[in-house]
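In our numbering, the protein residues as written are 168 to 572.
Note that these hints are calculated values from the structure, not bench results. Virtual Cβ for every residue (Gly too), placed ideally from N, Cα, C. Incorrect hints may have been included.
Stated by the list, open to error - Computed beta-carbon distance windows for the label pairs: (1) 428 / 320: 45 to 53 Å; (2) 334 / 411: 51 to 59 Å; (3) 513 / 350: 40 to 48 Å; (4) 360 / 547: 34 to 42 Å; (5) 497 / 551: 33 to 41 Å; (6) 484 / 513: 40 to 48 Å; (7) 321 / 543: 24 to 32 Å; (8) 292 / 522: 19 to 27 Å; (9) 446 / 523: 23 to 31 Å; (10) 513 / 283: 37 to 45 Å.
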Amino acid sequence: MNFRSIDEKGSQGIFGALNEVDNVCVFMADALRWDHLPESIAERGLTVKTIAASLTTHTSVPTMLTGLWPRHHGVLSRQHQIPDVPNLLDIPDLDDGYYMPGDESVVDDGTFSVLKIEERRELGRLDSPWTYFERHHGGHVPFEAAGWEGSWDEFVEEFAGNIEKHRHWYEKAVSGTVEDFEDRLATIRERGEESNTLIVFTSDHGEYLGEAGLVDHSSPMRPEGVYVPTVFIHPDIPAGTKADHVMRHVDLFPTILDSLDQPTPEHLDGESLSRSSPSRGYSLSTSNVYFGGKPRHVYESAGIWDADGGWVRNQTALHHRALMALGLLAGRRWKSKNIRRSLEKYPQAVGHYVRSREQFGDPRFSFEEAVADIEAIESVSPVSDKDLTDLSEDTEERLQDLGYL
168 MNFRSIDEKG SQGIFGALNE VDNVCVFMAD ALRWDHLPES IAERGLTVKT IAASLTTHTS
228 VPTMLTGLWP RHHGVLSRQH QIPDVPNLLD IPDLDDGYYM PGDESVVDDG TFSVLKIEER
288 RELGRLDSPW TYFERHHGGH VPFEAAGWEG SWDEFVEEFA GNIEKHRHWY EKAVSGTVED
348 FEDRLATIRE RGEESNTLIV FTSDHGEYLG EAGLVDHSSP MRPEGVYVPT VFIHPDIPAG
408 TKADHVMRHV DLFPTILDSL DQPTPEHLDG ESLSRSSPSR GYSLSTSNVY FGGKPRHVYE
468 SAGIWDADGG WVRNQTALHH RALMALGLLA GRRWKSKNIR RSLEKYPQAV GHYVRSREQF
528 GDPRFSFEEA VADIEAIESV SPVSDKDLTD LSEDTEERLQ DLGYL
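Please work from the sequences and hints to get the whole structure.
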């Protein structure tokens, strides 16, 4: 992929002020890794290496929408709900829509409840000016974007231990994502709004494709799960360029507010990319198990990352981490069946859970600096009490079909 680098010397922001933005389209491709960004999309705008706030959708999406770190908005399970604070889909005087492709059953995927959204709204139904956020299947298993139509059990049986096939279908799903993204661009052109719309292509977290015998994404924390792409597309942004700095999910909402010439609330954790150039960011990995329909927190790690690497601190007691390692081998989920068919890599996977800290790549800061960042970010209290909502029968059934419960 050939990029022209954006030189930020003498500039405080990753990109400058945009002349005309009335609408914002955010297309989020689920589980899209940084190293799998399609070139056809990168060529359209400015690509920024992004540090995912969380390795789970139900936590990353609220971070993108609110500009708050996970512990600040408090959504750490599918039964938490986004707090009543300003967010991307609640900007004054703008119409808004949240959308997920598929049949009507997608509203039971759990994310709609987390975001307190009852219906999906297609891009073409919005009145100008508008904001639009689409959660696309992207590279998420069971590869609906690639046309997979079998049951979850059939998927697990066919793909577990077959990393070559897994990678092939992942890449096929990413290609299907490109087609749908181009359809959204066509809709914007047909509406005559290409010149005054900021388009953002991004992802919530990455995906493991056999590294250390791992599949899925929620845990443990590795760079393939943390780094995702974000591409900003607008007539004022040079196409085919790449920023020298990173961004964080918390920066998306303040950047959009800035582009719309809207005031930025003081409580936000992120910063507008037209005014700042972040050097590193925070990511959270959590695992929950559900008993009686209620989440129980069983594993957690946090990391600080820059463009070259990061430090990860395991934050769960050692005996719980050991249970996670055992569960990885003996569990019922698809990552467990995959590791049982790739036993030679099991020691590598276990190491990620039992080590108290890990270094990936060549981060330009020390572990002690990473710990200080983690503790500062996690010291904030949630903006509201985290009341749990009950999962509906339809939602439980869909989450079971997707291998979550």
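Here's how the hints hold up against the structure:
One distance hint, 45 to 53 Å for the beta-carbon pair residue 428 and residue 320, holds here, with the actual separation near 51 Å. At about 30 Å, the CB distance of residue 334 to residue 411 disagrees with the hint of 51 to 59 Å. Between residue 513 and residue 350, the C-beta spacing of about 42 Å keeps the proposed range 40 to 48 Å intact. Separation of residue 360 from residue 547 is about 37 Å and conforms to the stated range, judged on CB atoms against 34 to 42 Å.
In this structure the hint that residue 497 and residue 551 lie 33 to 41 Å apart at CB holds, the actual value being about 38 Å. At roughly 22 Å, the beta-carbon separation of residue 484 and residue 513 lies outside the given 40 to 48 Å, and the hint is violated. Between residue 321 and residue 543, the C-beta spacing of about 46 Å breaks the proposed range 24 to 32 Å. With their beta carbons about 49 Å apart, residue 292 and residue 522 fall outside the hinted range of 19 to 27 Å.
Against the hinted window of 23 to 31 Å, the Cβ-Cβ separation of residue 446 and residue 523 comes to about 25 Å, which satisfies the hint. Roughly 41 Å separates the CB atoms of residue 513 and residue 283, a value that falls within the hinted 37 to 45 Å.
In terms of the numbered hints stated before, the structure departs from hints 2, 6, 7, 8, listed from lowest to highest.
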